[in-house]
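Student: Please put together the full structure from these sequences, using the hints given.
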Amino acid sequence: MKPILGITIGDATGVGPEITIMSLGDKEIYNISRPVVIGDLKIMQRAAGIVNNGLICRAVTDLADAGNTFGVVDVLDMNNLPEDLPFATVDGRAGKAAYEYVEKAVLLAQQGQIDAIVTAPLHKEALNLGGYHFPGHTEILAQLGGTKDYAMMLTGGGLRVIHVTTHVSMRQACDLVKKQRVLRVIELADFFRSLLCEQRN
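Residue 77 in the numbering used here sits at position 77 of the sequence shown; the count goes up by one each step and never skips.
Each statement offered as a hint is correct.
In silico PhoX-like pairs for lysine-lysine, Cα to Cα no more than 25 Å straight-line:
1. K42 with K96
2. K148 with K124
3. K104 with K148
4. K96 with K148
5. K124 with K42
6. K2 with K27
7. K27 with K42
8. K42 with K104
9. K96 with K124
10. K124 with K104
11. K148 with K179
Quick caveat, the hints were computed from the structure, so don't treat them as lab data.
Tutor: The structure is reproduced here in structure tokens:
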């Protein structure tokens, strides 16, 4: 069975929905996974009209049969936003919805209904206006996952980069770079490395 990817659309006033539609125009994604969008159907349909790459968006309720057909974008419709949500604005409604998409994705992952979460960009100010005070996805995922011990890792090819600090000013970053934190991040990096090695074997 191919893994089910839960793709959250991020801030609906920004580029997240269009990035998602453009990405799902790549057939290789369907060859290796079953992508399911977690967001608003009407927002995804609007994005499909903008991108105009021939994809059709449809609402799904049962993830067991979703994400199988290239050319059809299956959307778990949260129905959180109006169709006429303005573009390129800081809107608390979009920030609140973006949080709720991630929250739903985490719940689905915890229930074993999806195998991984893919996220499109958030807008911090909109998130705050929506009532959720987080610097970004890393901190949201940590709280929803119930962990206080975490770090962001970036990967590309064989390169892995793990952050000692994230989403803070240069002044705060300098204050946070302490021996204990650096050691803990190295330990987390080693833990991630061992997981990747196990998956390959």
